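Chemist: Each chain, letter by letter, is given below.
There are 2 protein chains.
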Amino acid sequence: MDKLTEELLKAVSDYTEGGYTGAFNIRENGGCAGRQSTDNIQIEGKADGSGIDIYIKAGTKGEKVFIPACVTRGNVSDLVYNDFHVGEGADVVIVAGCGVHTDDEGEAAHNGIHSFYLERGAKVLYEEKHLGTGEGTGQKKISPVTHVELAEDAVLEMNTIQLGGVDHSVRTTTGSLEDRAKLLIHESLMTDGDEYVMTDFDVDMNGEDSAIDLISRSVAKGNSYQEYHSKIKGNNRCTGHSECDAILVGKGRVNAAPELYAGHLDAELIHEAAIGKVAGEQILKLRTLGLTEEEAEQQIIEGFLRANG
Amino acid sequence: MDKLTEELLKAVSDYTEGGYTGAFNIRENGGCAGRQSTDNIQIEGKADGSGIDIYIKAGTKGEKVFIPACVTRGNVSDLVYNDFHVGEGADVVIVAGCGVHTDDEGEAAHNGIHSFYLERGAKVLYEEKHLGTGEGTGQKKISPVTHVELAEDAVLEMNTIQLGGVDHSVRTTTGSLEDRAKLLIHESLMTDGDEYVMTDFDVDMNGEDSAIDLISRSVAKGNSYQEYHSKIKGNNRCTGHSECDAILVGKGRVNAAPELYAGHLDAELIHEAAIGKVAGEQILKLRTLGLTEEEAEQQIIEGFLRANG
Numbered sequence: 051m052d053k054l055t056e057e058l059l060k061a062v063s064d065y066t067e068g069g070y071t072g073a074f075n076i077r078e079n080g081g082c083a084g085r086q087s088t089d090n091i092q093i094e095g096k097a098d099g100s101g102i103d104i105y106i107k108a109g110t111k112g113e114k115v116f117i118p119a120c121v122t123r124g125n126v127s128d129l130v131y132n133d134f135h136v137g138e139g140a141d142v143v144i145v146a147g148c149g150v151h152t153d154d155e156g157e158a159a160h161n162g163i164h165s166f167y168l169e170r171g172a173k174v175l176y177e178e179k180h181l182g183t184g185e186g187t188g189q190k191k192i193s194p195v196t197h198v199e200l201a202e203d204a205v206l207e208m209n210t211i212q213l214g215g216v217d218h219s220v221r222t223t224t225g226s227l228e229d230r231a232k233l234l235i236h237e238s239l240m241t242d243g244d245e246y247v248m249t250d251f252d253v254d255m256n257g258e259d260s261a262i263d264l265i266s267r268s269v270a271k272g273n274s275y276q277e278y279h280s281k282i283k284g285n286n287r288c289t290g291h292s293e294c295d296a297i298l299v300g301k302g303r304v305n306a307a308p309e310l311y312a313g314h315l316d317a318e319l320i321h322e323a324a325i326g327k328v329a330g331e332q333i334l335k336l337r338t339l340g341l342t343e344e345e346a347e348q349q350i351i352e353g354f355l356r357a358n359g
Numbered sequence: 051m052d053k054l055t056e057e058l059l060k061a062v063s064d065y066t067e068g069g070y071t072g073a074f075n076i077r078e079n080g081g082c083a084g085r086q087s088t089d090n091i092q093i094e095g096k097a098d099g100s101g102i103d104i105y106i107k108a109g110t111k112g113e114k115v116f117i118p119a120c121v122t123r124g125n126v127s128d129l130v131y132n133d134f135h136v137g138e139g140a141d142v143v144i145v146a147g148c149g150v151h152t153d154d155e156g157e158a159a160h161n162g163i164h165s166f167y168l169e170r171g172a173k174v175l176y177e178e179k180h181l182g183t184g185e186g187t188g189q190k191k192i193s194p195v196t197h198v199e200l201a202e203d204a205v206l207e208m209n210t211i212q213l214g215g216v217d218h219s220v221r222t223t224t225g226s227l228e229d230r231a232k233l234l235i236h237e238s239l240m241t242d243g244d245e246y247v248m249t250d251f252d253v254d255m256n257g258e259d260s261a262i263d264l265i266s267r268s269v270a271k272g273n274s275y276q277e278y279h280s281k282i283k284g285n286n287r288c289t290g291h292s293e294c295d296a297i298l299v300g301k302g303r304v305n306a307a308p309e310l311y312a313g314h315l316d317a318e319l320i321h322e323a324a325i326g327k328v329a330g331e332q333i334l335k336l337r338t339l340g341l342t343e344e345e346a347e348q349q350i351i352e353g354f355l356r357a358n359g
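Chain order of the listed sequences is A and B. Be aware that the first sequence starts at 51, since it is given in my numbering, and climbs by one per residue. Be aware that the second sequence starts at 51, since it is given in my numbering, and climbs by one per residue.
By construction, these hints were calculated from the structure, which means they are not laboratory data. Wrong hints could be hidden among the right ones.
Identical copies look the same in the list; a pair holds intra-copy or inter-copy alike.
[To be verified] Only pairs whose alpha carbons sit at most 25 Å apart, straight line, appear in this in silico DMTMM-like list of lysine to aspartate or glutamate: (1) Lys107 <-> Glu344; (2) Lys60 <-> Asp154; (3) Lys301 <-> Asp316; (4) Lys114 <-> Glu322; (5) Lys327 <-> Glu258; (6) Lys281 <-> Asp263; (7) Lys114 <-> Glu345; (8) Lys301 <-> Glu228; (9) Lys173 <-> Asp103; (10) Lys53 <-> Glu185; (11) Lys281 <-> Asp89; (12) Lys281 <-> Asp295.
Since the structure is predicted, the reported quantities are computational estimates derived from the model, not experimental observations.
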């Protein structure tokens with residue numbers, strides 16, 4: 051495994067010198083750089099080579115599975131399909147970071163198409179960090195596509211963070227929830243320079259007492275542009291909440307378009323959004339503690355993103 | 051003037067037996083049923099017959115101008131262009147209700163294309179009520195198109211109410227605001243049966259310290275469907291706030307899609323939305339005071355809409 055890959059893995063997916071404990075699959079420049087299954091978590095390559103299937107046995111508790119992906123050079127455009135089959139009553143953690151790096155003018159791109167099939171009562175905590183690095187002029191792109199199908203009483207909690215350095219990202223999420231299923235998403239996005247990120251979320255609450263809680267926080271610095279569109283659809287007795295807050299710095303711009311569809315009398319849907327720069331009073335307060343204006347702003351922004359998830 | 055027209059005028063635009071005081075223009079089934087100018091408010095028919103120009107002299111204070119429109123039978127599809135030229139520092143009230151009525155299977159439709167040009171420091175309170183009546187099977191349609199251009203320090207406050215009985219309505223608003231201009235909108239929409247209403251708002255805050263406050267409240271009863279889309283664009287130092295709240299009754303459905311664009315570091319934009327049915331506790335409380343469930347719900351809904359504007 052490449053030294054660069056190791057560094058990226060440390061930054062995006064809790065990798066240590068000793069490697070991962072438990073099940074894992076490491077994807078490096080479009081190939082497999084390591085794979086391990088456990089008794090409860092089976093990872094299999096798809097017959098056509100397009101990706102992997104992760105089978106988590108019913109009742110599996112307390113295990114973690116790591117499926118990071120890295121691109122370490124230009125002229126690599128990786129596309130992979132990862133399907134997660136999570137058995138009834140399982141309760142696991144999935145760590146799925148992604149790093150893209152280029153030192154040349156070639157584009158480094160990773161597109162992970164993830165499908166989550168959670169059976170009855172299954173519980174998954176999904177953690178994902180995205181990072182772009184390298185001094186090349188090549189575009190660094192990460193565009194995750196996520197599809198979730200949550201059976202009765204299943205709970206999927208997703209904490210996703212774009213740390214920075216990703217030039218272009220389109221983040222698409224679709225899915226559906228059955229009775230009492232819950233989808234909780236905390237998304238934190240940082241852009242700078244000429245970076246662009248688009249979030250597009252469209253999920254149906256079909257089951258009785260299903261619930262979605264979607265919290266997106268973003269910081270748009272430099273000349274970057276972020277677009278946010280969420281569509282939460284309540285087709286049954288259900289509750290939906292979405293919140294998108296953005297901080298502008300410099301010439302950063304944000305367009306936030308959250309959408310709520312209530313197609314049932316007992317759908318309760320709420321949304322809040324706020325866009326603005328860091329409040330002057332906050333900066334002033336930290337400056338009286340000895341910080342420079344830049345340090346104060348940096349500290350406020352970090353707190354804003356860290357508080358999410 | 052038709053007896054029906056008189057009744058509609060009373061319902062939608064403060065008409066009394068004595069007629070209107072001050073400037074007015076009454077539109078009835080696509081024709082003019084009365085017009086009066088005053089020293090300060092001049093109403094002129096457009097040369098091509100497509101509508102009227104309303105000229106309000108600079109500095110005019112405390113005057114009201116009435117420009118209601120009615121359609122009282124099927125097979126009338128009225129389209130009219132009304133342009134409001136409001137001079138510097140004027141401070142006036144414009145009352146512009148619309149009623150459509152059909153007792154047969156013919157469609158009764160009114161489409162008012164309104165343009166508001168407010169000069170520096172002008173202030174306008176605009177009031178509009180929409181109503182559909184009659185036992186005919188013909189569709190009753192009212193689709194207002196509103197364009198606003200607010201010069202420095204101009205303030206336009208719009209209170210618009212769809213009382214009920216309108217089968218189909220698309221409400222489009224576009225415009226732009228210069229320095230310190232303010233646009234305040236209170237919209238209240240009531241639909242029932244198979245009625246459909248769509249609000250589409252798209253306004254630019256181009257001026258420094260311009261402001262938009264947009265509050266939409268709606269009640270969707272029966273099998274009706276309401277769509278709401280607002281786009282508030284902050285292109286300068288400015289503040290934007292929008293709020294859309296909807297109450298569902300029966301099989302009523304609502305889609306709310308408010309959009310905020312921050313294209314400037316000092317744009318401060320906020321949005322809230324909530325969709326749901328009337329809270330059970332509220333109904334219970336009123337029932338202990340002797341109201342039936344239906345009366346309690348009715349009272350809560352009326353209060354919800356009345357509190358807006």
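Chemist: Of the hints given before, which are not true for this structure?
Modeler: Of the numbered hints given earlier, those the structure breaks are 1, 4, 7, 11, listed in rising order.
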